[in-house]
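Undergrad: Here is how the chains run, residue by residue.
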Amino acid sequence: MTQLNIPIESMAFPNGLRVVVSPDHAAPVATVGVYYNIGFRIEPRGRSGFAHLFEHMMFQGSTNAGKMVHIKLVNSSGGVLNGSTHYDVTNYYESVPSNALERVLWLEADRMRALKVDDENLRNQRDVVKEEVRVNVLNQPYGGFPWLDLPPIAYRNWSNAHNFYGDFDDLDAATLDDVQKFFKTYYAPSNAVLLILGDVDVDQGFKLAERHFAGIPSGPQPDPADIDEPPQIDERRGIVEEKFGTLPGIAIGYQAPRRLTPEWCAAAMLDRALHGGRAGRVYRRLVLEQQIAVDAEGGIHYPVGDLFDYNGPTLMVTRLLHKPEYSADQTIAAYDQVLDEMKEKGITSEELEPIKVKFRSNYFSMLEGGHGASIPRYGLMHLLACFTLFDNDPRLVNSILGGFMEVTPAAVQSSAIKMLTRSNRSIVIRQPAKKGAA
Amino acid sequence: MMASAPRSETQTAVPALSPERPVIWPPRARTTLSNGLEIVLVESHTIPKFTGQLFFRSGNAVTAATAPGLADITATVMRTGTTARTSRQIEEDLRRMGADLSSGAGADTSVVSFGGLVDFSNDLLLLVAELTQQASFPADEFERERRQLVEGLRIERATPGFLASERMRKILFGAHPYGTISPTEAQVESYRLELLKDFYKQYYRPGNALLVMVGDFSPQAMLAQVENVFASWAEGKVGEAPNPALPELHGRRVYLVHLPGAVQAQIVVGNRAITRKHPDWLRLTLANSIYGGAFNSRLVMNIREQKGYTYSPRSGAHPLRQHGYFTISAAVRNDVVAATLTEMFYEIDRMRSTAVGEDELADARNYLSGLFSLGLATQDGLAGQLATSTLERLPEDYLETYRERILALTAADVLDAAQKYFDSANAQIVVVGDRAQLEAQAALFGPIEVYDAQGNRI
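These protein sequences, in sequence, are chains R and A. Each residue of the first sequence is one higher than the last, beginning at 1 in the working numbering. Each residue of the second sequence is one higher than the last, beginning at 1001 in the working numbering.
Be a bit skeptical, because a hint or two may be false.
[To be verified] Coverage of chain A stretches by chain R, computed from C-beta distances (three or more under 8 angstroms per stretch; other residues unrestricted):
id : stretch
1  : 1040-1054
2  : 1147-1160
3  : 1289-1299
4  : 1308-1317
5  : 1323-1334
6  : 1369-1375
Please keep in mind that the hints were generated in silico from the structure rather than gathered at the bench. Note that CB positions come from ideal geometry on N, CA and C, so glycine has one too.
For reference, chain A alone in the conformation it holds in the complex (with noise of 0.2 angstroms):
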């Protein structure tokens, strides 16, 4: 196909944006079990699979005082064998089925994350539940995972980014279970198999488990298959997980990590913020997109695009389940430590201090507004969403109606949530690097304490 003689001038105005059209909230099926286990299942025929989460509101934050990252072993080490299948005959069913199944856990759940094609998706729930009922934990399987995981610590802790979010969550957090979040080398090798085992009996529980499934099926059909697979499993309630008191942050406080040969500084700026279910939670979120939550951030202009410091500057919302808190971070060259933390914090005072202009504003708003339906357009966005809003019990229509009340807020609700929430005289700085090269720039910005990549202070 050839196109006619093309028109020869340039268009030099922006073109307006035409109406938006509305997003289509496909069918969904949401229902209990009388076992408890709580079930969300939406169509989204993009493709002939289905992707699915089960999750369990179980992480490692509730053996965190003495056992730190159990549920993340438990989880990993369930995946390799059930009173029926070897480790081996799990993967090459999960091959046979074109699927794919991964199993973790973080802070506040732990999770077996699966898709497939559909024309296999009964036999999948049915791995799916057999893993999380009769797992085996073969003991020669945990043993190698175990040195694997020994194996993973160690590089983590030559990992810059690593070192700084364990700092930063210890500082923050001290002795509450997000204080911690990995384990030492000694803890994993004190673990023992009925450690695992009896984590896995007393969390792996339908009345502690979300399944969220979306594919291209009908949810009624989906619901019949979901049930009889599920519908046997024995009920079980489980408790909260402890939420001890926090440390007092008063004043601004430095941590360096030192890192013998880093040919960069890895600088994060924190504070403690709060969780999605706060009244707050879509302020904070349109103040930190306003300021380094997005490319078209004023961070991000200042630091990269003005000043060429750094790469990978950001901010953001960190939501758990009991607390939240506020980073801001950026990897940059190391004579620019100074100048990055001062320009990191007049960012700041000017979002506490000045209202953000309409034009400002409104573009942020939209960002989010439109953010939220592209991660709505594919089967694991749409599933990311309706697990988040599900898991931490938000509204039923926090979704149908998130993009006007983001379109609603205004300049007040940013002030409001900069002054609230991006706490400045407390923040928090973390500079993981090589000291000789940075701790006079880093020592500018408060008392400061030296530390090892092992986490001991120096």
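One chain only, chain R, in its complex shape (with noise of 0.2 angstroms):
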């Protein structure tokens, strides 16, 4: 049971906004979102962190509902609301009881026609997003580690290698010109996709969509990011102090394939046999067994995105925190041993069935929620939002999992000794300043 049949109906009007519509009348709550195509890999150069300032204004105000209005509505609406800004996507989404479906609708309307902010807004925001940074990465025990300390080492690209959040003399050199002016570039309507879930029909979700959205005026389409990495020949090393944390830390990243191969879907499911919890043969190596490391996750585009939600180069991620009496050099060279074992011996069948049940299961769920309790549908309006901007096939969402299903052992057994080779990743190591514990 691999093919889906999620209810999806889409539709593109002629300023170029796309549509799509996925009806669930069980509760009476809809989900909407919009998303557009630009995250923080291809912010301007000497802009690090506007992509996610920005998003912050997107909520400071439009022409017909201004500051605070947006929150205003859709709280006392019964809704909550939020946005978030990821590689390659940022997005903005409101759940509410289907009776606002409409209010809901016109306020992204509103502020995909028109920003309305002011100077003393951004002063207001760059300080939030300040402290944002503070309590998520400079203030906290592994903050950024490993999202930020990655891409550094391993791109050569600014547009990948850049930090995200931002360094703060780029977000106070930020200035009002620069906030109208990549709203004209990138949030014009065929730059994004609209999206209503749950408790709607087709038709009136089309409808609701055209009154509010099909007059704004159509933009030029921005010119394509170059976002083309060299090939990797050598292995690259960083180190990174922890502040904070009394266990060393490790995270590796591997360049991973294109999206939508086959070899993608191959090296899905060997990320799964490394990386999928306490089954996963990294966890269950190195902190069940030899208990060098007291915590091992990872994935692919592992922290802050999954594999579907990114459109460029992206790593395969371990990320580790190991015993203090172990150094950095005998935790990789273990970690090294389980690799090397798949790429020679490979995977049973018997090993490999059950990943695939399990990811599957994973999927379900991911569409269902994704984003806790209060926002539903959340994943399955990320994956629509995805595959619409990235592959203009929003039904993907229903066929994308027979790929995975169709991976036999041979495929990723290839695909560990084509992607996990020494020249092809990037280590970081994060040290703590405090020798050893209190």
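The two chains are supplied separately, each in an independent frame; assemble them into the complex guided by the hints.
TA: What follows is the structure in structure tokens.
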């Protein structure tokens, strides 16, 4: 059972906006998302952190809904809302009782049409974002490890390699003019997709979308971004100081295959064989059996994304925290042994088939939720959006499982042999500033 | 498909809300087996999976006086072996069933949470039954988990949020079990396997348990499966956790936890409040939502959207089984600690002295009502709501009537709750960060005590 039958209808308006409706009337709630095909990977040079800062500005006011009106109208309709910036997309989403659907569409359309923000809004959100960076990164044990640590080591193209959360100097340099220019360049309807999920009929969804979005003027499509990486020929390494935590950390990233290829499907199964929780080979060997590490996790596009939500170079990442009595070299040697075994002996069907069952099961859960209990179908929305913006085919949600289920043990082994090489990887070590434990 | 020619005008007025569709409550089965196990089963066909939680109404509080954190360690080691399966077999069997399983304990409960594909529901129930009745507590697995726990404790002692919560709970609850949220390293080192086994024998009993399951099944058919798996579990009754006296709290006091090198200040202000069973609970919930419990709340508007002091301001009412408490928190830049506390208290005092306007009241009622509906739309959300209301032994129709009871609350209710449960005069203040940058600001708000990250007074 790998072909799903989730109802998915899509269309495009003359201004280029694509609309996807996926009805389900089980509960009287609706989830709405607007995704723009712009993420922190392709923000302007010298403006690190700008795509995310800009996301904050989208809550600061549009022509008919001033500062805080978006938040007030959604909350007071019984709904919740947020936005988030990813590598290649930025999203804005709301979950509401379905009687507030039109109101939410009106709000999203208003801010797709025009932002109405001033210098005071920008100063305010710059301060807020700095505290966000402090609370999530600079003032936390292992903050940013490894999602901010690995890219500068692994990549050579600034777009892939820079500080996505933003250097404070760059945040300070951002101007209102930058904000309006960014909006004009990347927030045109043709660079976006609108998603309406839940308690809505298809016709009604399209009709409401047309009423509020079809009249938004079209804009030029942004030039395609240059995110190409030169081929990697040597292992790359770096060290970052860990200011608060007591354990050394190691993250290892391998350049992953291109999306939607058979190699990508095989790499995904390889990844689950290595990182699939406590039954995965890395956790079992390093944490449970050899007890060198106390934690081991990983994944493709881990930890700030998943297998589906990127559209360019990415890594299969392993993140380890290990005991201080083992050196980094000893830990990496033990890890290499796990990988070498996969390359030399491969994987049996007895191991691979359960991995597929678990993959399918996780996929269902991701579609239903994926973002806490109060944003129903966040995961489905996220996949529909990425498959529309990257592949122009939201129905991939229903068919994508097939490719993973067909992966053979031989394909997993060749994926390991091809991908898991020294010259294809980057390693970052988080070195505690404080020696050992108290 | 292409749309017809678009309309060109822009709509400038906010669209009105259409009539609300009622929440349709899914069929549920509720029963108690003769051995005392309570069962709640609800169908939800969103995905071909199910989710379940098997609770025991005993958590870390029951042994807090002698062995803090024992319930949590017991739950952790429990999943590493049974008389029939090794740790590795358990993990591989879970994967074969497409299942997830986790186990742990809070102050009041121990819980095994599980979920997977419905095709394997019987196998997964058998594994859960085996873990909760025939765990073998292997010595080597215990030693491994013990070391991982110690390393985890060391990292927590460098985490501002943990340090702030730990200090606040100590201040509000003192020697009561709720005053300790974590064991010390020395305590963890001293625990012997027999202690875990004793806890397991005493508290993992059907008369102390609640099983909640939500998913793509028929409740009647699932009930037959559940009875088949759990009916033979030998009965067992369990006593209540101790409830010693609480410390007296008079006047505002300030507690600074010194975290050298911190580049931000984690503030938490708190006072004791009420449990979910208290008749004022919904009033407090609504008052909290207006104060700092929602994005569109006064605290967030003030210290985030107007002043830019913080990314993460919020307030919350926290119900434990015997007592509850209320907190206000924000991580702020170092130079605005005093300014932030001033605004927190300004907004508290405003809630206590001035009735909320009708528009703001209606907005907040709608918010809580809608949030409740959203929480029922996924299997996990529904399971969470059912677990809370059943564990706390709330009235049978608690969930069904929740929205109408929220929508009936008045401005007077909010004022009353704020006056009773936002205890401005006796609020306790915790600030975690670099002492040199914060102490003078914090000391403006009351007598100050300074602690290190290990919990020692300095």
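Undergrad: Would you mind marking each hint as holding or not holding in the structure?
TA: Results for each hint:
no., hint, in the structure
1, 1040-1054, "holds (count 6)"
2, 1147-1160, "holds (count 10)"
3, 1289-1299, "holds (count 3)"
4, 1308-1317, "holds (count 5)"
5, 1323-1334, "holds (count 3)"
6, 1369-1375, "holds (count 6)"
Violation of the numbered hints given earlier is absent; every hint is satisfied by the structure.
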